[in-house]
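J.: Please model the complete structure; the sequences and the hints are all you need to start from.
Given next are the chains, with one letter for each unit.
Protein chains: 2
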Amino acid sequence: MRIALDAMGGDNAPEVNLQGALEAAEAWDCEIVLVVPKSRLEADLKHFNTRGLPVTIADAPDVVGMSEAPVEACRAKPRSSIMVAAELHAQGKVDAMVSAGNSGATMTAALFHLKRLEGVSRPAIATVLPTLVGRCVVLDMGANVDCKPKHLYQFAVMGSIYAQEVLGLPNPRVGLLSIGEEEGKGNELTFGAHELLKASSLNYIGNVEGRDIPFGRVEVTTCDGFVGNVVLKFGEGLAEAVMKLMKDEIKKHPLAILSTLFLKGVFRDLKKKLDYAEYGGAPLLGVNGVAIISHGKSNVLAIKNAIGVAAESVRHDVNQKIRQILQEPNPEPVKTAPHA
Amino acid sequence: MRIALDAMGGDNAPEVNLQGALEAAEAWDCEIVLVVPKSRLEADLKHFNTRGLPVTIADAPDVVGMSEAPVEACRAKPRSSIMVAAELHAQGKVDAMVSAGNSGATMTAALFHLKRLEGVSRPAIATVLPTLVGRCVVLDMGANVDCKPKHLYQFAVMGSIYAQEVLGLPNPRVGLLSIGEEEGKGNELTFGAHELLKASSLNYIGNVEGRDIPFGRVEVTTCDGFVGNVVLKFGEGLAEAVMKLMKDEIKKHPLAILSTLFLKGVFRDLKKKLDYAEYGGAPLLGVNGVAIISHGKSNVLAIKNAIGVAAESVRHDVNQKIRQILQEPNPEPVKTAPHA
Chain A
1 MRIALDAMGG
11 DNAPEVNLQG
21 ALEAAEAWDC
31 EIVLVVPKSR
41 LEADLKHFNT
51 RGLPVTIADA
61 PDVVGMSEAP
71 VEACRAKPRS
81 SIMVAAELHA
91 QGKVDAMVSA
101 GNSGATMTAA
111 LFHLKRLEGV
121 SRPAIATVLP
131 TLVGRCVVLD
141 MGANVDCKPK
151 HLYQFAVMGS
161 IYAQEVLGLP
171 NPRVGLLSIG
181 EEEGKGNELT
191 FGAHELLKAS
201 SLNYIGNVEG
211 RDIPFGRVEV
221 TTCDGFVGNV
231 VLKFGEGLAE
241 AVMKLMKDEI
251 KKHPLAILST
261 LFLKGVFRDL
271 KKKLDYAEYG
281 GAPLLGVNGV
291 AIISHGKSNV
301 LAIKNAIGVA
311 AESVRHDVNQ
321 KIRQILQEPN
331 PEPVKTAPHA
Chain B
1 MRIALDAMGG
11 DNAPEVNLQG
21 ALEAAEAWDC
31 EIVLVVPKSR
41 LEADLKHFNT
51 RGLPVTIADA
61 PDVVGMSEAP
71 VEACRAKPRS
81 SIMVAAELHA
91 QGKVDAMVSA
101 GNSGATMTAA
111 LFHLKRLEGV
121 SRPAIATVLP
131 TLVGRCVVLD
141 MGANVDCKPK
151 HLYQFAVMGS
161 IYAQEVLGLP
171 NPRVGLLSIG
181 EEEGKGNELT
191 FGAHELLKAS
201 SLNYIGNVEG
211 RDIPFGRVEV
221 TTCDGFVGNV
231 VLKFGEGLAE
241 AVMKLMKDEI
251 KKHPLAILST
261 LFLKGVFRDL
271 KKKLDYAEYG
281 GAPLLGVNGV
291 AIISHGKSNV
301 LAIKNAIGVA
311 AESVRHDVNQ
321 KIRQILQEPN
331 PEPVKTAPHA
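First to last, the sequence lines map onto chains A and B. For the first sequence, the positions run 1 to 340 when the working numbering is used. For the second sequence, the positions run 1 to 340 when the working numbering is used.
Accuracy of the hints is not assured; some may be wrong.
Any copy, or any two copies together, can satisfy a pair, since identical chains are not distinguished.
[Said to hold, decoys possible] Heads up, simulated DSS-like pairs for lysine-lysine below, C-alpha to C-alpha not over 25 Å straight-line:
(1) Lys252 with Lys321
(2) Lys273 with Lys252
(3) Lys272 with Lys93
(4) Lys247 with Lys273
(5) Lys198 with Lys252
(6) Lys115 with Lys150
(7) Lys271 with Lys247
(8) Lys272 with Lys148
(9) Lys115 with Lys185
(10) Lys93 with Lys247
(11) Lys264 with Lys252
(12) Lys185 with Lys297
(13) Lys297 with Lys264
(14) Lys93 with Lys38
Honestly, the hints are just simulated from the structure, not real lab data. Here the structure is a predicted model, which is why all the values come from computation and not from measurement.
T.: What follows is the structure, given as structure tokens:
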């Protein structure tokens with residue numbers, strides 16, 4: 001198996017990417033194709049040493065910046081590392097691609113070269129969030145801002161297969177993100193999606209609320225990309241703000257500073273539990289290939305783990321399973337009592 | 001000034017409500033009308049003593065339960081404490097109403113008896129969230145699940161006036177909750193709302209992301225009620241889950257237990273900063289009166305503070321100011337570059 005890594009993507013590229021590639025090649029039994037400007041390798045990266053590991057180089061002279069407009073940048077730079085990674089995948093030269101760069105550009109490049117998977121209306125970004133009892137795949141996280149019920153149903157199918165095959169969660173429970181558990185709570189979009197999900201073969205448990213995600217009531221949550229993106233960023237910001245507030249408060253209480261000596265182990269374990277780097281990036285599900293979007297702030301562990309989930313996605317043939325379910329006739333909406 | 005308190009609303013009613021009423025009467029220079037079944041006062045609450053404070057009783061034999069369907073319950077129980085509180089307000093016998101009960105029923109009762117404020121298309125629930133640097137009014141929090149751009153504009157107007165008059169935040173910055181700061185990021189709803197907000201006289205700074213709320217980039221955030229509700233509940237759940245995780249981890253590390261001795265002051269101050277009870281309930285803005293929805297878990301402090309914001313809303317004549325701005329002609333959408 002060969003996996004292309006955009007060596008120039010991310011805030012800490014290319015250093016952590018190179019290191020992550022080596023660790024992944026060692027850990028996941030796959031070959032890594034580093035997509036990188038050869039000029040960089042000849043200049044400042046000349047000390048890079050593959051240590052005999054299966055890491056090869058593909059040249060891509062250009063780079064798409066983190067804040068460039070995705071579509072315009074991909075069009076203007078067909079030889080950028082992200083576009084070349086996607087192209088190698090489309091040509092069958094690699095089995096998957098991973099980038100920690102501009103996530104819009106990763107999506108654009110993947111869609112441009114790989115196209116949509118047969119039967120999928122809209123590819124979606126799936127994020128794996130830690131919960132009190134395990135993990136939850138939440139999708140869409142921002143690829144689609146105005147959705148129809150059918151899209152939310154397809155997201156649920158793709159998320160379920162991913163949870164089952166890549167995360168190893170058998171028979172994952174699926175929830176529809178809404179404003180109350182009762183069937184009558186929601187908006188036009190969720191009412192429509194609810195009918196499709198109820199009629200499906202998924203392990204659908206009905207509406208879930210925002211709080212059900214961290215408490216782990218479901219393993220898959222489907223929502224439109226606007227809601228998913230706002231929720232994810234609010235959660236990140238909230239967690240960061242609370243940690244900052246706590247540090248500030250501790251500084252104000254002289255005795256509390258002592259406590260940090262005792263809390264080191266706690267914070268280390270907490271960090272491990274909540275660290276996105278442990279979860280290995282967000283797959284773009286529904287493209288005709290395997291594309292993993294890694295966090296822009298990725299460290300070596302995050303890159304290594306993103307390559308790991310790419311490898312698992314290929315091994316378990318996630319796409320073949322998605323195609324199978326989505327080729328079944330669409331579930332017929334079940335008629336229920338009118339909504340309040 | 002007289003304020004009706006639904007004495008039967010909330011998980012800890014009527015005990016904390018009675019106590020909260022006394023503390024509010026003492027603190028906020030207003031008369032409290034306790035809406036409560038007289039039978040309860042004659043039976044198990046007979047030791048209740050108003051201690052000479054301006055607290056009177058209005059009889060309401062029925063109660064709407066926390067989990068009853070709002071519209072049906074209000075229709076079936078016109079003599080319930082929440083319906084009677086709203087009726088007293090509509091009759092001009094009180095200047096405001098406060099309930100910690102079934103929030104849907106509070107909204108239903110307020111709308112039924114008070115009606116909408118002139119010029120307002122949709123009343124909205126505004127929640128005041130603590131931020132790193134102060135407070136932010138976020139609305140709508142769930143009264144309206146499918147909104148049009150005009151509604152988001154009106155929410156922003158109402159939230160701004162509330163922030164200015166009741167929270168004392170001069171010239172509050174207004175943000176439109178979206179999936180990126182750039183003008184081209186958002187969905188159909190936010191694109192439309194953006195044009196109206198840009199053309200308005202509000203201190204509108206453009207799109208904000210979820211993370212900008214806890215970091216306090218704006219004092220007012222407008223969004224549709226579906227998004228607002230999901231975000232609020234996700235935030236509550238996340239905070240609760242992280243605290244639980246932390247406690248569990250501390251228990252696992254014997255030395256860490258010692259640290260809690262030093263951290264008491266920190267947790268007390270943190271709790272005070274993050275405690276919803278300090279912020280006094282969520283106003284239902286846009287009804288022809290003052291209706292405050294208090295948290296179902298309200299304690300004495302929360303009830304007292306909810307009555308406090310009711311009193312401030314009356315004193316500053318928030319509604320007259322909302323009416324004034326919304327009677328000006330609607331802002332004309334400004335034509336901008338097409339969105340990506």
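J.: Could you run down the list of hints and mark each one as holding or not?
T.: We went through each hint and held it up to the structure:
| no. | hint | result |
| --- | --- | --- |
| 1 | Lys252 with Lys321 | neither (55 Å within a copy, 41 Å between copies) |
| 2 | Lys273 with Lys252 | between (28 Å within a copy, 14 Å between copies) |
| 3 | Lys272 with Lys93 | neither (35 Å within a copy, 58 Å between copies) |
| 4 | Lys247 with Lys273 | both (19 Å within a copy, 14 Å between copies) |
| 5 | Lys198 with Lys252 | neither (53 Å within a copy, 41 Å between copies) |
| 6 | Lys115 with Lys150 | within (19 Å within a copy, 37 Å between copies) |
| 7 | Lys271 with Lys247 | both (15 Å within a copy, 14 Å between copies) |
| 8 | Lys272 with Lys148 | neither (37 Å within a copy, 42 Å between copies) |
| 9 | Lys115 with Lys185 | between (36 Å within a copy, 23 Å between copies) |
| 10 | Lys93 with Lys247 | neither (49 Å within a copy, 49 Å between copies) |
| 11 | Lys264 with Lys252 | both (19 Å within a copy, 12 Å between copies) |
| 12 | Lys185 with Lys297 | between (37 Å within a copy, 21 Å between copies) |
| 13 | Lys297 with Lys264 | within (23 Å within a copy, 34 Å between copies) |
| 14 | Lys93 with Lys38 | within (19 Å within a copy, 80 Å between copies) |
When the structure is compared with the earlier hints, violations turn up for hints 1, 3, 5, 8 and 10 and for no others.
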